[in-house]
Amino acid sequence: MPALKGSLSYTRLFVDGDLPKNFRDQFTKSIRLRAMKPLEPDEEALERAGWCVIGEPFDVELDYENVFYNEYLNLGYRTDKWMIPSALLRAKVREAEAAQLGRKGRERLSRQEKTELKETVVKRLRKQLAPVTRVVDLSWSLDEGVVRFFSQSERAVLAMSDLFHRTLGMKLVPEAPYTLAARLGLSKAAETAWQALEATSLAVEA
Amino acid sequence: MQPADRVEKRRFVGREFLLWLWFESEAFEATLSTRIQSTFGLWIEKHLVLSVGKEATRIKGTFPAGSREAKEALALGKLPEAAGLHLSWGDREVTFTLKAETMALSGLVLPTVLGDEAEAPALLETNRRPKKGKKESAKVEEERVSDERHEAFYERMTLTREVEALVEALYSEFLVLRLSDTWNSVVAPMLGAWVQGEEIEADAYRKARDAALSASRRGASASVNRRRARRP
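Quick note, the sequences are listed as chains A and B, same order.
Here my numbering is used: the first residue of the first sequence is 213, the next is one more, and so on.
Here my numbering is used: the first residue of the second sequence is -19, the next is one more, and so on.
Chain A extracted, bound-state conformation (with noise of 0.2 Å):
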């Protein structure tokens, strides 16, 4: 929980746009109808990413109170994959080939009934084990415009963004050196100058 303890690191994050009016209700209702939702054994889907309340990955309530702290919007960026360790996977396979064959008195399966009896084990074992469970705070300064998502990975990053887009319906622009000193303000002539800039090289030539 770094937003809540221990030391920082993120991604900052511009919010794309101004806030629209009833914002406080109209996100509540949004990020709520992009609540985490579980992964079930028998679900096609091998992973899910949904908003959790920060600080408590499994509380996926989120009611004004745990999401709006004064002037920032809190969450939780959750995702949930499921991940069978190979080595198990493989010898519950050959388990259950064996198995088959032995009922069927056959000495070998075809491919589709190797797929059938893989996807029949896959979800037996997502039945005995739980998804791995990742995430990432977020904290949105709404007076600041400024999102801090605490993550430096570029795919985690990608992925919380476009769920953001989609819930609340604004783009986050990743900060650098540019988006930066535009925010500080460029006068015309430093937007130009900008434009012209070649990086100092202090190569000493042998």
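Every beta carbon over 10 Å from chain B, so not counted as near; a handful from chain A, in silico:
hint, residue
1, D230
2, R244
3, L251
4, E252
5, W294
6, S298
7, G317
With a straight-line cut-off of 20 Å between C-alpha atoms, the simulated SDA-like cross-links for lysine to any residue are:
hint, chain 1, residue 1, chain 2, residue 2
8, B, K51, A, A411
9, B, K26, B, K40
10, A, K383, B, E(-12)
11, A, K383, B, P(-17)
12, A, K400, B, G199
13, A, K249, A, A371
14, A, K293, A, S363
15, B, K(-11), A, E410
16, B, K34, A, S413
Since the hints were derived computationally from the structure, they do not count as laboratory data.
Computed from a prediction, not measured in an experiment: that's the story for all the values here.
For glycine and all other residues, C-beta sits at the position ideal for the given N, C-alpha and C.
Chain A is already provided as a structure; the job is to place chain B on it using the hints.
Chain B in isolation, oriented as in the chain A frame:
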């Protein structure tokens, strides 16, 4: 230039910003100033990564920027990619790593007083409370935990924003210099000499730097006045 190019093709500006911080810290003996903070301490510590293309030099130690390897890497055309920074202002001290191309902060250790440390006494206090109805005491406990969580969060965000504001103020001043003629006429030659082991002419640098910053401020206020004058 396309908007995406302005971002992607100018990421080196972040590296030059880190280089400038290193140079300023050395020129002014780790005591810097900006418009928002009169004086504060800033120096590189613990680690410094310099790179060009796929070639990287990673230096670890108490004062990595002072090592011969660091200047040699600059002379080979490498620029800072990430650096551990120590920032000290008022009675506060923080350490973090600044990543040049994304301007991202990592491993930011804040001098907080709430949060983890507040938990132990709070638990003792709960045990001493007179017994109430189960439902009522559960609700009170829930509210107390929620309040503590909110307080710890606000404290952390306030400090984080203070750190970011200082970094932004430095970046803003760096941009004024970098986008002015002073960079090519004064700063870049000084950086070149510094890389080759020459002493920094701190007074001459300060004079040129301050003149560029003052000119920019005058320009900004003149532009505001012009805009005001144009208003009906």
